[in-house]
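> Use the sequences and the hints to build the structure in full.
Residue numbering for the sequence shown follows the numbering used here, starting at 1 and increasing by one per position.
If you're looking for bench data, these hints aren't it; they were derived computationally from the structure. The model shown is predicted, which means the values in this text are computed figures rather than measured ones. We put the beta carbon where it would ideally sit given N, CA and C, even for glycine. Hints are supplied without guarantee of correctness; some may be wrong.
[Said to hold, decoys possible] Listed next, with one range per pair, are the computed distances between beta-carbon atoms:
no. : residue 1 : residue 2 : range
1   : Gly51     : Met171    : 33 to 39 Å
2   : Ala58     : Leu114    : 56 to 62 Å
3   : Tyr240    : Arg342    : 23 to 29 Å
4   : Leu444    : Leu47     : 47 to 53 Å
5   : Ala505    : Tyr79     : 49 to 55 Å
6   : Glu105    : Ile622    : 42 to 48 Å
7   : Ala27     : Glu105    : 20 to 26 Å
8   : Leu444    : Tyr50     : 49 to 55 Å
9   : Ser301    : Arg9      : 54 to 60 Å
10  : Ala155    : Gln535    : 37 to 43 Å
11  : Ala339    : Thr362    : 27 to 33 Å
12  : Met171    : Leu114    : 19 to 25 Å
13  : Trp13     : Arg657    : 50 to 56 Å
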Amino acid sequence: MNASRSLSRAELWWVVAAVTLAVAPHAARLPVVLPACFVAFASWRMLGAYGWVALPDAAHRALWWLLQGVAALTFALIYRHYQGQLGRDAGVALLTTLLGLKLVELRTPRDFYLTCLLTYFLVATNFFFSQAIPTALYLLGVTILTTAALARANAPPSVSGTACGWLAARMVAESMPLMVVFFVLFPRLPGPLWGVPTDSLEATTGLSNEMTIGRIARLGTSDEVAFRVDFKGVQPRARYLYWRGPVLWQTDGRTWRAGPLAQQQPPPAVIAQGTRYRYDIWLEAHGEHWLPALDALVYTSADGHLGRARELMAAQSVKRRLRYTVESATDYSLLEISAAERAAALALPVGAHPKTRALAQTWRTHDPAPGVIIDTALALFSQAPFTYTLLPPRLDGDPIDGFLFETRAGFCEHFAAAFVVLMRAAGVPARVVTGYQGGEYNTLSDYFLVRQSDAHAWAEVYLEARGWVRVDPTAAVAPERVSLGIGAFSERDGALRMLAEDGAAFAMWRATRQLWDSANYHWSQWVLGYNVERQRGLMESLGLQNLTPSALAAWLAGLISVPLGLLALFLLWSPAPRRTPAARAYARFCRRLAGVGLARAPHEGPLEFAERIAVARPDLAIKARHIAELYAVVHYGDRSAAQRALTLAVRDFRPRR
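Right, here's the structure in full:
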């Protein structure tokens, strides 16, 4: 590409398209003003290319100052929106703005190359937010498009854009084996490359250390993946799949919180009996500290600690996909309870839930035995007109009294919170446990998939002879929620109702969804989860576990040099491509001119060569121009009709000294 020339409109369209597609996934993550500014900058440049508007340059200083003012305002907006934080989101916002500004001043080949280079970098920033398969495929397409833009800028005008696209795709495909070798063997970093600190203002979906009536109901409609579980050997029954999350002790009457008891150490001892289940959990990032585990956890490889209620908490908030191993026993006993725990498990806010307190006192007066009180509460839920719904009615007054005596319709958090209040009012220590229940078994890859829609809340009561015992009041009113999962309710709604009525279509839909999630699972396991431990395991299987870093680098260099050497030999030994009839005719034309002292320079094109012949030998000018034009038409325009004329013209061309 000539460094002094201006860019053509076609080249501008290529680079603007590549940059726009690289920016597009970020549009929803940025303040709405920034994508709008980017579109305005790109439109300004393209309208200027057609001469419809003026561009900021030396002849239009006012526009140049206007652009500087807009740039300063956008930078100030970024600083204010992210409150001066240095992080992933602010960096991407700044890079997007700078690329938009760069498009406005895009004029020379140097600007073109620099913009393409920054586009490659912007493509990589998308992996800071998502590493899913669709994201990877989309960004692969953007990479090919950017490479095609570079090919288009350096190709002759006769080469079509489609040919440049195929060339770029082939170049990217040929680079993939080398990429795979580096990915597998290059020393891994302790964390992923996209482990950049995220901005603290970002909200994330998932459970937290508190529960307000109605919040988990919103999660009940989410189909996002919470985590996947791969059991090693025997699997527990569905009714034992309670994935423990935050345990909530304190309440102000509407909101339940973990409180200081969650951080007390050490956790109570667990008396595990029966089968122990060992499994791996692949947890999606949720921005909190809790780590789900099957009750009751007896071992984990996770970097964290157990709370007082034996809930597993990570040392740091989970901001990236995490894998850890757990061993649990579903038949267990937790006998310990401290004085502080007993007081917290009986506490109720002063003046709250008067109707519920009166009902519980009636039960206690009739029979104070905790077992009888528990059975009475469960019977209330199962016999009275209580209904389980994903869209509970609004509770404006006291939420527990309103639920028990008025609406009687709610989600699992309503039943769990109301049950715990009843127990505490009747003198039975109780606490709320949040987490997930159940999971969808993937028959293709032999693992359980737990979605955000499986979020659940249940209760634990303390009985003197048995310790802490799980009680799920939701099972009393909707046992299918526990046995079949929340899909038994949500799949009857919306478009899935039609599928459910057609058994074959519904089975095909579930099989397709399982196949897609299986692909995502293996992608997470072998690509996103390829860490130091997995690389070490691969090295051990290859017998390379004792290699030093320098020896590994030498071994890697040797492994790469073999295919490169074979490729070089192939290129050296490959026969030269056969020339076309037009090329052979033009070569004869050039040899005959060289015989009279007019040799063609290597850099000269046919028309340029003909002009030099006309100056040196005016008597040959007409025939030389005719032959050069015919060759240009045949060679660059692929006009078969001119082939015969070129051959005849060269045959009759006999220059004399």
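> Regarding Ala505 and Tyr79, is the given constraint of 49 to 55 Å on their beta-carbon distance met?
With a Cβ separation near 53 Å, Ala505 and Tyr79 satisfy 49 to 55 Å, so the hint holds.
> Does the hinted range 49 to 55 Å hold for Leu444 and Tyr50 at CB?
Once the Cβ atoms are compared, 53 Å apart, the range 49 to 55 Å for Tyr50 and Leu444 holds.
> State, for the Cβ atoms of Glu105 and Ile622, whether the hinted interval 42 to 48 Å holds or is violated.
For Glu105 and Ile622 the Cβ distance comes to about 47 Å; the hint holds.
> Starting from the hint 50 to 56 Å, judge whether the C-beta atoms of Trp13 and Arg657 obey it.
Given range 50 to 56 Å: holds, Cβ gap about 51 Å.
> 27 to 33 Å was suggested as the range; check whether the CB atoms of Ala339 and Thr362 agree with it.
Because 28 Å falls inside the window, the suggested range holds.
> The hint says 54 to 60 Å between Ser301 and Arg9; measuring C-beta to C-beta, is that right?
Since Ser301 and Arg9 have Cβ atoms about 58 Å apart, the given range 54 to 60 Å holds.
> In this structure, is the beta-carbon distance linking Tyr240 and Arg342 contained in 23 to 29 Å?
Cβ of Tyr240 to Cβ of Arg342: about 27 Å, so the range 23 to 29 Å holds.
> Within 33 to 39 Å or not, the Cβ separation of Gly51 and Met171?
holds (35 Å)
> Can you tell me whether the CB distance of Met171 to Leu114 sits inside 19 to 25 Å?
holds (20 Å)
> For the range 20 to 26 Å, tell me whether the beta carbons of Ala27 and Glu105 fit it or not.
The hint (20 to 26 Å, Cβ to Cβ) holds, given that Ala27 and Glu105 are roughly 22 Å apart.
> Per the hint of 47 to 53 Å, is the separation of the Cβ atoms of Leu444 and Leu47 within bounds?
holds (52 Å)
> Does the Cβ pair Ala58, Leu114 satisfy 56 to 62 Å?
For Ala58 and Leu114 the Cβ distance comes to about 20 Å; the hint is violated.
In summary, the structure is inconsistent with hint 2 from the numbered list given earlier, while agreeing with all the others.
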